[in-house]
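*Asks:* Following the hints, position chain B against chain A.
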Amino acid sequence: GENVEQHPSTLSVQEGDSAVIKCTYSDSASNYFPWYKQELGKRPQLIIDIRSNVGEKKDQRIAVTLNKTAKHFSLHITETQPEDSAVYFCAATYSGNTPLVFGKGTRLSVIA
Amino acid sequence: GAVVSQHPSWVICKSGTSVKIECRSLDFQATTMFWYRQFPKQSLMLMATSNEGSKATYEQGVEKDKFLINHASLTLSTLTVTSAHPEDSSFYICSARPRQGFFEQYFGPGTRLTVT
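As they're listed, the protein sequences go chains A and B.
End of the first sequence sits at 112 in the working numbering; the numbers just go up one at a time, nothing left out.
End of the second sequence sits at 116 in the working numbering; the numbers just go up one at a time, nothing left out.
Some hints could be false.
[Unchecked claim] Examples of chain A residues lying across from chain B (beta carbon under 10 Å, computed):
| # | residue |
| --- | --- |
| 1 | N31 |
| 2 | Y36 |
| 3 | G41 |
| 4 | P44 |
| 5 | R51 |
| 6 | T98 |
| 7 | R107 |
| 8 | V110 |
Keep in mind the hints are simulated off the structure, nothing from the lab.
We put the CB at the ideal spot given by N, CA and C, even for glycine.
One chain only, chain B, in its complex shape:
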């Protein structure tokens, strides 16, 4: 149980285009989902927290107009990187919690984004 999927697993796009990444909880309902970004040889950096049906909470320094997050249902959250640039190239990982007050986070397999 507690499986989180992401799609696509990797994507290459041209500078200036937008890319959407999906995160799904397959066998549980996720009241809260988190989006992390991981650059090579670095740690996971939290970008934003999203709760179903409400606006995402972004971490300091993360542009909310550039990284659009939608958590429209209890099993799906999406991250859209708008007007992508080469510096946005990174490994994006989502995670989900099944319910309020539950500590463990279940991670998706990640999406490798390369912007050319």
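Just chain A, same shape as in the assembly:
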């Protein structure tokens, strides 16, 4: 089955700096890669996703890049703000009929 590795486990950045979180996946058939933000005690919230037919996707300060050959994808947050502080999870799946497999998460702290 699919296995998703996520790094780093914790990340601290100064407000206004950029943050990058990286994930690798094992199943070359995977073709959907979402990123979730989770605040303490709350549900994961989808912040951006990318499909395998696209190499990059951007939404304001957030972007995701995908390298299918290397089987890795990354989340980029620019101009970080204190409210970006949360745990971020990457995930992968290869079919609309299979569940998402999550990475272990990255705790992002944005220091004002």
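*Replies:* Just chain B now, kept in the frame of chain A:
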């Protein structure tokens, strides 16, 4: 749109008792629902996948006789933790997909279970 609710949001029960958690898709029909468990400072771990009208598929290591899942309708799935023990204390989150072949999963708000 695409709202998923869970009830209760938190529950405290005594060791040995059973607890039922409901997951509802409020504005769409969910052919598939998923149940995850999340321990403090850990990731979401898939427990089982349930399809309406059929038996749930459990992940390896998840006891199907302990975690009973019922997906009786296209808008409701239930997870019953039977004979709960303190080690079952966790954050249980459900998610739902509106139809076959749809990739995105919509998550419920989660249920915090504490077993004393």
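*Asks:* Run every hint past the structure and note whether it holds.
*Replies:* How the hints compare with the structure:
1. N31: holds, 8 Å
2. Y36: holds, 8 Å
3. G41: holds, 7 Å
4. P44: Result: holds, 5 Å to nearest chain B Cβ.
5. R51: Holds. Min distance 8 Å.
6. T98: holds, 8 Å
7. R107: holds, 8 Å
8. V110: violated, 19 Å
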